[in-house]
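Participant: Residues per chain are reported as follows:
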Amino acid sequence: MNEKVYNIDDLQNVNVDGEKYIILQIGPSHPGSGHMRIKVWLDGDIIVKVDPDIGFVHRTSEWLSERREWIKAVPIVERIMLPDTVHANLAYVLTVEKLLGIEPPPRAQYLRSLVAEINRITSHLYGIGIFGIFLGSSTVYMWAFGDREPFIDLMEMLTGARITTSYIIPGGVRWDLPNGFKERAETVLQYMERRLKDYEDIWVKNPVVQARTINVGTLKKEDAIALGVVGPNLRASGVYYDTRKHQPYAAYSNIDFEVPTMKNGDSYDRLLIRVEEIKQSIRMIRQILKDIPEGKIVADQIYNQLNPVMKKNYEEKKRVMFPAFMIHMRPPAGEAAAKVEAGRGEIFFYIKSTGDKYPYRFRWVTPSFRNLPYFTHVAVGHRLADLPTIYGSIDYFPPEADR
Amino acid sequence: MGIIPIPLIIWLIEDLLYLIIFPGLVTILVIVIVIIWLERKIAAKVQMRFGPLWVSKKIGGALQSLADLLRYSFQEVIIPEKADKLAFILAPGLMFAFATIALIFIPVGPYYSVLFPSYYTILFSLALIIITPIFAITVGWASDNKFSFIGALREGFLLISYEVPFLLSVVSMIIIFRTYDYISAVQSQLSFLPGIILNPLAALTMLIVMIRTTGRFPFDITEADSELVLGLYTEYSALFFGVGMATPYVELYNFSLIFSLLFLGGWWPFTLNVMNPIYGLILPGIIVVIKAFIVMAILVFLRAVYPRYRLDQAVRSGWSYVLLLSVLSVILSVGEVVFLR
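Quick note, the sequences are listed as chains A and B, same order. Under our numbering, read the first sequence as residues 1 to 403, first letter to last. Under our numbering, read the second sequence as residues 1001 to 1341, first letter to last.
Next comes chain A alone, as it looks inside the complex:
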């Protein structure tokens, strides 16, 4: 009975230097870890090695989606990226549309871009808020989460749901713009522009924030490309790449916007770039609401499937009810892939269809998973107190990485 039971974690912890290092297990239940475990080897206060251990909230989204009708995957992929639902929805629907060969009408394209940009702002505010509480500022945390609310209300006004909207369907969107949406949106945008000045005063230009973030967690341009980092983190390292610009989807080819990039790639740049992207999103929402064309919000292929009651409903309430086609959808055999620039970076979708009721292979890669190398490569050599700075600044969301 004296046998010592080794578990795999003990074996991993065996280190040639014996007791030289303090091994800290940050998480999975720790205020600064989220749903993951970060194993840190410390030499005094200096981080020697970081091993992020993910998978605590793996939700088998691919497995589940391969065993359901095509349309039922929409709520599943949404629930993986809760601060960023619209983009997951959009990426999946774009892939299915490629398989089906449907092209949505222009108005639906604009509405997709509109709801995506609203969602991008809420996602960035979420990231800034988490960054705030990681550095110890409860004010920014409360502000950012409070200021998400007006945008979430906008989403509710447009889609009927606050977070998990399931708004985008193959061939179009589910609801048209409601009355009074444009005025309401303008009020919210003006509010946010006022608030961004407050954020600059208390957060971006705060000397303590600058002392904590400048030159912390720097990732050079070449390293960022080599590691496959995506999204705002990639652009903060100085790489001009945005899927919205380079492979436009939805209405982005018609919208005039800039892709902000930074030079240094440190934590402060990653904070600044999110603020800049919020400004760009505000600009885009204004354009979309001004330029949005009239017309149908679903493709003709879907519209023709509607029965008379549904058509009446569509004309009166501007609402698309699901025709039977949606549940019996059998996209022709083939493969399709799509990319979408989500709030945290690029989502990649790959689906293989055999012409069956269910997808044959369902594969997607989320931005947080691709930003994971940041931990192992950037945190080494910094102090323990820099780990939350790096974690917060890359806006890492464990459920999104685990899928």
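The hints are simulated quantities; they were obtained by calculation from the structure and are not laboratory data. Nothing here was measured: the structure is a model prediction, and the numbers come from that model. Backbone N, C-alpha and C define an ideal beta-carbon position, used for all residues, glycine too. Just so you know, nobody snuck in bad clues.
Just a sample of chain B residues kept apart from chain A, beta carbon distances all over 10 Å, derived:
(1) L1063
(2) L1159
(3) M1245
(4) E1336
Derived coverage of chain B by chain A (criterion: at least 3 residues anywhere in the stretch with Cβ under 8 Å from a Cβ of chain A; other residues may be distant):
(5) 1035-1047
(6) 1225-1235
Computed footprint of chain A on chain B, listed as stretches where at least three residues anywhere in the stretch have a Cβ under 8 Å from a Cβ of chain A:
(7) 1216-1222
(8) 1297-1308
(9) 1311-1324
Chain B: place on chain A using the hints.
Facilitator: Here is chain B on its own, set in the frame of chain A:
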């Protein structure tokens, strides 16, 4: 009881009343409860929230801290198996005790010299205040937790780097007032100018050290929750946790009293010098406590503005800017004493 007149009883027990009621334990308890409530309310106001409101809604949730204290009192005490049990249990209590005992040597009125005659109150109070962080380090050591241990190490680093400036800033005031006694220090301020005008550098140093020593933002480094869970108190529960959490506020109260005595003119504008419990202790005492409370309120407001510094940044600034500031304040004091008087 009829034989002994009531004033005589009061005279006999008035030093006990001083320790227990004003400005002793009861006042400390009230001040700590109110300042915690105020801290949460100020932060809530800045952050577009209501703050504590569930307990005693009509008075703005002011009894929330009292409710928390009661809750701590009835919680189960959990002591980790591998903890050094004696140190684990004793350290928070001793820390609180020493923080409170320091109050004996902080007079809030001229009558105090009758109760405890002493010419070295500044020295005694500083000695007692400097003892408390040692127990904080004991807390971190005793709980056998890596996070507590790192918290204790951080406390030690900061303790050493900020105590020298603290002592130098007080020394510069001792040089100006040419006394080791708070009462004479206040009286020389009443006859001339308050200390904050005589030596603003010392006042600034003292403020920075107060923020640091009591763990206010932006020096909330030993309890950094995103790094160390709760720092020193990670393994603590129940009343020990409550006492540990209340101690920084008691220290803040002590420091604020010292600050208002040395820099804000003590019981100015109450200049009546009567050796009487009411006119010599309670009325000036209320003025001093109000001044201290305002200082505390300003310091707890910082939570709403600043995030926290890193350990190395705080230690570096302690050994460079703050130390330089305190040395300059001593030079300023010497200069004033030599050239002005």
